[in-house]
Amino acid sequence: MRRLYMFGNTFLFNGNTMISVISKHMLSRSFSEINFTFKPLDWFDQNVGGLKFGLYIHVPFCKMFCSFCPFYKVLYDEKLRRKYLEAVKREIEKRGLKGKASWLYIGGGTPNLLKAEEICEILSCLKEFVEIDEAGMEGNPFEFTPEYLEKISDAGIAKISMGVETFQSGSLKAVKRAKAGERLIEKVVGEAQRLGISVNVDLMVGLPQQNLEGCLKDAETIVNIGPDQVTIYPYLIISGVEAEPGMDSQSMFTVIESAWNIFRKHGYRRDSVWVFSKSHKIYDSAKDEPVCDYFGLGPAAFSTCGNIQTVNPPIEIYLQMVNNDKRLAFHTELDGKAKVWRVFAHELYKLQLDPKVCSKMPLNIKMVLQVLRMTGYVKGFTVTDKGRYLVHEITKTVVETLPFPLSNPKRIENYGEYVESLKKVGALKV
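First residue of the sequence shown? That's 1248 in my numbering, and the numbers climb one at a time after it.
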């Protein structure tokens, strides 16, 4: 049994802190109260033209399903891909987009299973309605050929992200992921950078059969290749994830901190608790999406405008609704408490809090910040070395408790009506 100590005005658990436990509990409770209603909506109910906003396009296709991935995906199919392409262009035309988007990110799934020409078509369609400040996409390194990279670069894609996860064959096999070798990653990074495309590489810690030595070997391999940015994610337990983690959260954090020692020796700086870069900052969804209004396009795409959040339906319903000009989506109104905790978690994630944002926080959040200062986790507005584990735990909690209605039926208040919609389009056998 853990012993409880009194230290000043703060209770500390031997091996963990009360403030960490309380913060995680409050975040989990706030997000656990978010439920969605599946219902018809107007196409234009989230018009944020003229304000700061982002754009997200979800491409759901995968050739195989990795067991650590919680995101909506369907098996790649040529006919379905063509139907998707036409539908997403029609959705763009219907959504009433206007103004200037500060970012566009194309995620998945595996977005580069679309042909480069099809990515260009989508971008061209978007640019009829909005200006796009920065555009990026993720993809499988096997599909980022020199020809593909050149075409998307010409179309305005300036940033790409690739999920390497690890070079350890045993761990990749355990999560049903194909191995992208060092030479392939080196080739893609080199070609992209030659074209002026910034490159992020994702690594993951906590996969089955991983250990500290293997993870640090991955980090050494990546920094020798030299992408512009490396993001190291801990293994996240989210609804829809099949495989069990190979490490506990503390061990994952230890790996990330040890990798940071390698990165900084090679000229990388720390942009957030999990992100390390050596050039200008490239897209980091964990920093932008929680606090910035954005439009989501494509099946299962999230949209957020103020306190309203919507999620597009799965591809079968999505195709039908676009073709029939009748929008259907999961809809919720975010509780103010959940939103403010999410903003605070976002500030901590950056490791450098914005004084203006903090000054607008409610009293209870300001009190938490004061306790973090008293206990040495934050100095002024900077998260200390001591405080990084707390931020790691808080960020994990935020991501792991985000509501994903498509993979978690408990989040859908009128689940029966949603099931009937699935039956009507043949997505569910009666």
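There may be inaccurate statements among the hints.
[To be verified] In the EDC-like style, the derived pairs of lysine to aspartate or glutamate whose C-alpha atoms are separated by at most 20 Å in a straight line are:
#1 Lys1573 with Glu1664
#2 Lys1573 with Glu1397
#3 Lys1336 with Asp1572
#4 Lys1345 with Glu1378
#5 Lys1671 with Asp1540
#6 Lys1341 with Glu1368
#7 Lys1584 with Glu1647
#8 Lys1330 with Asp1572
#9 Lys1573 with Glu1563
#10 Lys1374 with Glu1429
#11 Lys1633 with Asp1518
#12 Lys1326 with Glu1563
#13 Lys1345 with Glu1375
#14 Lys1362 with Glu1397
#15 Lys1299 with Asp1540
#16 Lys1336 with Glu1563
#17 Lys1330 with Asp1632
#18 Lys1633 with Glu1504
#19 Lys1525 with Glu1667
#20 Lys1525 with Glu1467
#21 Lys1336 with Asp1289
#22 Lys1603 with Glu1504
#23 Lys1330 with Glu1368
#24 Lys1330 with Glu1365
#25 Lys1398 with Asp1380
#26 Lys1597 with Glu1375
#27 Lys1398 with Glu1368
#28 Lys1336 with Glu1375
#29 Lys1336 with Glu1368
#30 Lys1597 with Glu1467
#31 Lys1336 with Glu1378
#32 Lys1310 with Asp1324
#33 Lys1423 with Glu1390
#34 Lys1512 with Asp1632
#35 Lys1657 with Glu1667
#36 Lys1586 with Glu1647
#37 Lys1434 with Glu1467
#38 Lys1626 with Asp1601
These are calculated hints, taken from the structure and not from any lab test.
Since we're looking at a predicted model, the values are computed, not measured.
Hint-by-hint comparison with the structure:
| no. | hint | result |
| --- | --- | --- |
| 1 | Lys1573 with Glu1664 | holds, 16 Å |
| 2 | Lys1573 with Glu1397 | violated, 37 Å |
| 3 | Lys1336 with Asp1572 | holds, 13 Å |
| 4 | Lys1345 with Glu1378 | holds, 8 Å |
| 5 | Lys1671 with Asp1540 | violated, 32 Å |
| 6 | Lys1341 with Glu1368 | holds, 16 Å |
| 7 | Lys1584 with Glu1647 | holds, 18 Å |
| 8 | Lys1330 with Asp1572 | holds, 15 Å |
| 9 | Lys1573 with Glu1563 | holds, 14 Å |
| 10 | Lys1374 with Glu1429 | violated, 36 Å |
| 11 | Lys1633 with Asp1518 | holds, 17 Å |
| 12 | Lys1326 with Glu1563 | holds, 13 Å |
| 13 | Lys1345 with Glu1375 | holds, 9 Å |
| 14 | Lys1362 with Glu1397 | holds, 12 Å |
| 15 | Lys1299 with Asp1540 | holds, 7 Å |
| 16 | Lys1336 with Glu1563 | holds, 16 Å |
| 17 | Lys1330 with Asp1632 | violated, 50 Å |
| 18 | Lys1633 with Glu1504 | holds, 11 Å |
| 19 | Lys1525 with Glu1667 | violated, 51 Å |
| 20 | Lys1525 with Glu1467 | holds, 15 Å |
| 21 | Lys1336 with Asp1289 | holds, 17 Å |
| 22 | Lys1603 with Glu1504 | violated, 29 Å |
| 23 | Lys1330 with Glu1368 | holds, 14 Å |
| 24 | Lys1330 with Glu1365 | holds, 12 Å |
| 25 | Lys1398 with Asp1380 | holds, 19 Å |
| 26 | Lys1597 with Glu1375 | violated, 34 Å |
| 27 | Lys1398 with Glu1368 | holds, 11 Å |
| 28 | Lys1336 with Glu1375 | holds, 11 Å |
| 29 | Lys1336 with Glu1368 | holds, 8 Å |
| 30 | Lys1597 with Glu1467 | violated, 24 Å |
| 31 | Lys1336 with Glu1378 | holds, 16 Å |
| 32 | Lys1310 with Asp1324 | holds, 9 Å |
| 33 | Lys1423 with Glu1390 | holds, 18 Å |
| 34 | Lys1512 with Asp1632 | holds, 17 Å |
| 35 | Lys1657 with Glu1667 | holds, 16 Å |
| 36 | Lys1586 with Glu1647 | holds, 16 Å |
| 37 | Lys1434 with Glu1467 | holds, 17 Å |
| 38 | Lys1626 with Asp1601 | holds, 13 Å |
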